[in-house]
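**Q** Spelled out from the first residue to the last, the chains are:
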Amino acid sequence: MDFFKRHFFVALSAVLGLIVIAYVGARGNLQLLFGVVVPYMAALIFVEGVIYRVVQWARSPVPFRVPTTGGQNRTLPWIERDLGEKLDNPADFKHLVGRMALEVLAFRSLFRNLRTELVKDPDNPEGARLIHWSYRWLWLGAIAFHYAFLVVILRHLRFFMEPVPYPITLLTDVDGFFQFFVPAVYLSGIVLVVAVAYLLFRRITNPSLRYISLAADYFPLLLILAIGTTGILMRYFFKTDVIAVKELAMGLVTLHPKIPATAISPLFYIHLFLVSVLFAYFPFSKLMHAPGVFMSPTRNLTCNNRWVRHVNPWNYPVKYHSYAEYEDKFREPMIDVGIPVEKEQ
Amino acid sequence: MAKAKVPTPAELLPGISYKPPEKGWMDVKPDFRPGTYCNPSGVKWLEWLDYPYPHAWSVTDEDWGLPKDWKEIILQGMEDRLKRFRTLRLFFDICVRCGACADKCHFFLGTGDPKNMPVLRAELLRSVYKRYFKPAGRLLGEIAGARDLTEDVLKEWFMYLYQCTECRRCSLFCPYGIDMAEMTILGRELLSSVGINIDWTMASVAQCYDKGSHIGATPQAMKDMIDFFAEENERVTGIYTPVHYNRKGAEILFVAPSGDYFADPGTYTFMGYLLLFKYLDLDWTLSTYAAEGGDFGYFISHEMGKRLNAKIYHEAKRLGVKWILGAECGHMWRIMNQYMDTWNGPADFLEMPVSPITGTRFENAGTTRMVHISEFTADLIKHGKLNLDPQRNAHIKMTFHDSCNTSRGMGIFEEPRYIIKNVLPEGNFVEMPPNTIREKTFCCGSGSGFNADEYLETRLRGGLPRANAVRYVHDKFGVNHLGCICAIDRAVLPTLLSYWVPDMEVTGISELVGNALVFPDEMERTTDLRDRDLVGFGEAEEGGEEEE
Chain A
1 MDFFKRHFFV
11 ALSAVLGLIV
21 IAYVGARGNL
31 QLLFGVVVPY
41 MAALIFVEGV
51 IYRVVQWARS
61 PVPFRVPTTG
71 GQNRTLPWIE
81 RDLGEKLDNP
91 ADFKHLVGRM
101 ALEVLAFRSL
111 FRNLRTELVK
121 DPDNPEGARL
131 IHWSYRWLWL
141 GAIAFHYAFL
151 VVILRHLRFF
161 MEPVPYPITL
171 LTDVDGFFQF
181 FVPAVYLSGI
191 VLVVAVAYLL
201 FRRITNPSLR
211 YISLAADYFP
221 LLLILAIGTT
231 GILMRYFFKT
241 DVIAVKELAM
251 GLVTLHPKIP
261 ATAISPLFYI
271 HLFLVSVLFA
281 YFPFSKLMHA
291 PGVFMSPTRN
301 LTCNNRWVRH
311 VNPWNYPVKY
321 HSYAEYEDKF
331 REPMIDVGIP
341 VEKEQ
Chain B
1001 MAKAKVPTPA
1011 ELLPGISYKP
1021 PEKGWMDVKP
1031 DFRPGTYCNP
1041 SGVKWLEWLD
1051 YPYPHAWSVT
1061 DEDWGLPKDW
1071 KEIILQGMED
1081 RLKRFRTLRL
1091 FFDICVRCGA
1101 CADKCHFFLG
1111 TGDPKNMPVL
1121 RAELLRSVYK
1131 RYFKPAGRLL
1141 GEIAGARDLT
1151 EDVLKEWFMY
1161 LYQCTECRRC
1171 SLFCPYGIDM
1181 AEMTILGREL
1191 LSSVGINIDW
1201 TMASVAQCYD
1211 KGSHIGATPQ
1221 AMKDMIDFFA
1231 EENERVTGIY
1241 TPVHYNRKGA
1251 EILFVAPSGD
1261 YFADPGTYTF
1271 MGYLLLFKYL
1281 DLDWTLSTYA
1291 AEGGDFGYFI
1301 SHEMGKRLNA
1311 KIYHEAKRLG
1321 VKWILGAECG
1331 HMWRIMNQYM
1341 DTWNGPADFL
1351 EMPVSPITGT
1361 RFENAGTTRM
1371 VHISEFTADL
1381 IKHGKLNLDP
1391 QRNAHIKMTF
1401 HDSCNTSRGM
1411 GIFEEPRYII
1421 KNVLPEGNFV
1431 EMPPNTIREK
1441 TFCCGSGSGF
1451 NADEYLETRL
1461 RGGLPRANAV
1471 RYVHDKFGVN
1481 HLGCICAIDR
1491 AVLPTLLSYW
1501 VPDMEVTGIS
1511 ELVGNALVFP
1521 DEMERTTDLR
1531 DRDLVGFGEA
1541 EEGGEEEE
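Line by line, the protein sequences give chains A and B. Quick note: the first sequence uses this note's numbering, first residue 1, plus one each step. Quick note: the second sequence uses this note's numbering, first residue 1001, plus one each step.
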């Protein structure tokens, strides 16, 4: 099996295996394990793991202030910088916050994305030339995926809160605005699944991307795809007892866990288990890019190096060639050609 | 070592394919063909610098003569750097391999080698990090993207960390700002720690350390070279431009990359500096000790960068200058902007830089106390202090190449353009396509110490995207000059362009200023600083005969 297949099928088997485990567990009356113990453990691992990793990053210092500058820096007062440049090369805290906000909320760097290709060009003596064009599909896929996921998560808060706060109800109503199906179809769920499918599709079909992809890249996509799919199946096709689900969820958040008297379908336990796995997997995976982006030194530092000193906590003295040594070596020829020296002999 | 034969453009370009090979990347071993690697560092350079494990070895040999415990050294070095650089740990951990960086790298675009996609180049290091520092990698090995550190892996690092010019174009497009340059710097440090270095860089560093500049000029040789420019200025313009060396009590220490006094066309840029200083009667000095603005040490390690850079502040202090003026150079300015003060500051013995001509306080250089010549010149022009005749540059139709380091490691875009617009006739300046300039600019292909002859093929490949954009404005608008504010550019772009876009000249911006500066009571000029006839001046039609 080649590299791609190995990595893809390991990830796929892992997700399928997880589904089987949850199904067997739910059928085998292990509701307590899959409904209570695993979710609690997952939540614990998630919180502790994320804190651990963030602390680990934070313990490594930032010896140099190395932001990537994406626009004109602040120099002479008459050199004008538009807002975009001030944000891409932030000279003060205010604009730094702006840069980070754009990066985190709008994926600014990805928005800049280009595609470069070598195209045939008979006018060139070599018969080809490079062309660059703006390519925003990845940005669109990523932004759709992340915002859909956010809405889905927020929407799920109604299972964990009683009474359901108004913003959540409102969000749910807006999300289900298009009532072309009963029950109302939540756009976020559809967008989530479509976006994940797109991200997976490009990873598999683009040869370069497939070449660099690892199991750790397929696994979260397949996992989230499975989570989205089981969610959609439960809502629209194989209805689950929502009252019982809420009872279970409320028990979990109020720290009085109990398995509801009415049985919940195995599909729900599969869904819950996959979500638990996602949470537990998060701190050990590339999904840590979420907290990580906030700590990226090429983005989260002000570009003010030339007027605000940056101190390296482990700066140490180094051996350099001193002027005295230099002059000792070259004194005679320096005097000969009339270069001033410290000592005449 | 035999010099590699370089294919012609018509052979090279159609051979580039972005389709990856069948075999997975972990199973593809580096193939060192002539032209794809730099020669190993000479032993004596390492000895001069007290660098570890000086030994003679050859890239194409099976055995690179590594120290017995090389693996422990590397892993210890990696652990140490994970603790000292948040960048390294974070960039190892958070890459999602989205591939946005893939077609941003000029070496990938010029070679088609998938390991030149920044994401995969980083993965060459990351896979070892996972194997030795992450439980999943330790347990699961390859399927977790981890692999053992073997000599082949080390050779691969050597190959691809030296096919990265630390230009940071990938980091601009990365949604998390992952910066390959940072990993390249640290990866090269690891290679250095077991005695693996390249000769071009190491020789320059050793010479700079010992004598003062990368080109290894002794103080007397340096003086000789630069005095010659003063004579040339006098010959061409009739104006004597005095040069000062190691002059105590001067107001300004001028630091230039040695490339500008070593070879054409940088030398013309230097003539431009001298003319400008003479025009202003500036109170300035050069130093034969801090004779190098560039810092190839930075291409080897943070520490070596600091060791070379240290001379500048020390010399400024010894000479008692008020502030430092820096010439046109790329990586030099990334260092002056992002490293110098942290390495070797605080420069509290210097004063806030103030232009003696305009009185402008360069508040933006308030702690480094070092001003860029383009800022300095732009300020002069803005205040109407320079009498410029753009017609003297009428034979120049120019586009401007933003250097990687000044673009993505500083952000100086407007000053050079402002100068260009004031020294060129209207309509003689044309921009290259927007996706290839400013912060999205492409590397010259030879940055970070790759000027080596034996590396020419790789450099020409890496320079393809830059040349391709130059070709566009050359063909479409008849552009005949490529301007830049970087000495490495001036050293390598002529070679690159003669290969891809013949009939192009490369020029520094200060050269154009030198051409355009009108001195009071000057003799009539009929040629530019390169002895080329001016358009519409004097006996232009007879100029050709006079030259012979």
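If you are wondering where the hints come from, they were derived from the structure by calculation, not from laboratory data. Hints are supplied without guarantee of correctness; some may be wrong.
Anything over 10 Å on all C-beta distances counts as not near chain B; from chain A, calculated [to be verified]: (1) VAL37; (2) GLY98; (3) VAL185; (4) MET250; (5) PRO257; (6) CYS303.
In silico contact screen, one side only, chain B against chain A (beta carbon under 8 Å); selected entries [to be verified]: (7) ASP1080; (8) LYS1083; (9) MET1117; (10) LEU1139; (11) ILE1143; (12) LYS1223; (13) PHE1277; (14) LYS1322; (15) ASN1364; (16) ALA1378; (17) ASN1468; (18) ARG1525.
No experiment lies behind these values; they were computed from the predicted model shown. Ideal Cβ positions, reconstructed from N, Cα and C, are used throughout, including at glycine.
**Q** Each hint needs a verdict: does it hold in this structure or not?
**A** So, going through the hints one by one against the coordinates:
Non-interface status of VAL37(A) relative to chain B is upheld: no Cβ of that chain comes within 10 Å, the nearest being about 23 Å off. Taking the minimum C-beta to C-beta distance to chain B, about 15 Å, the non-interface status of GLY98(A) holds against the 10 Å cut. Even its closest Cβ contact with chain B, about 29 Å, leaves VAL185(A) beyond 10 Å, as expected for a residue assigned away from the interface. Every C-beta of chain B lies more than 10 Å from that of MET250(A), the closest at about 35 Å, which supports listing it as non-interface.
A cut-off of 10 Å between C-beta atoms confirms that PRO257(A) is not in contact with chain B; the least separation is 30 Å. Its closest Cβ contact with chain B, about 7 Å, brings CYS303(A) to no more than 10 Å, contrary to its assignment away from the interface. Interface restraint check: ASP1080(B) against chain A, minimum CB-CB distance 10 Å, threshold 8 Å, status violated. Evaluation of the LYS1083(B) hint against chain A yields a held restraint, the C-beta minimum of about 6 Å falling below 8 Å.
Against a cut-off of 8 Å between C-beta atoms, the interface hint on MET1117(B) holds, since the closest Cβ of chain A lies about 7 Å away. Hint on LEU1139(B) is violated. Least Cβ distance to chain A is approximately 11 Å, over the 8 Å limit. Given the 8 Å rule on beta carbons, the hint for ILE1143(B) holds: about 5 Å separates it from the nearest Cβ of chain A. A least Cβ separation of about 5 Å between LYS1223(B) and chain A falls short of the 8 Å threshold, and the interface hint therefore holds.
A distance limit of 8 Å between C-beta atoms decides the matter here; for PHE1277(B) the minimum to chain A is near 18 Å, and the interface restraint is violated. Using the Cβ-Cβ criterion of 8 Å, the hint placing LYS1322(B) at the interface with chain A is not satisfied: the shortest such distance is roughly 16 Å. The interface hint given for ASN1364(B) is met, as the beta carbon of that residue sits about 5 Å from the closest beta carbon of chain A, less than 8 Å. A least Cβ separation of about 7 Å between ALA1378(B) and chain A falls short of the 8 Å threshold, and the interface hint therefore holds.
About 5 Å separates the beta-carbon of ASN1468(B) from the nearest beta-carbon of chain A, less than 8 Å, and the hint is met. This hint is violated: ARG1525(B) has a C-beta 30 Å from the nearest C-beta of chain A, more than the 8 Å allowed.
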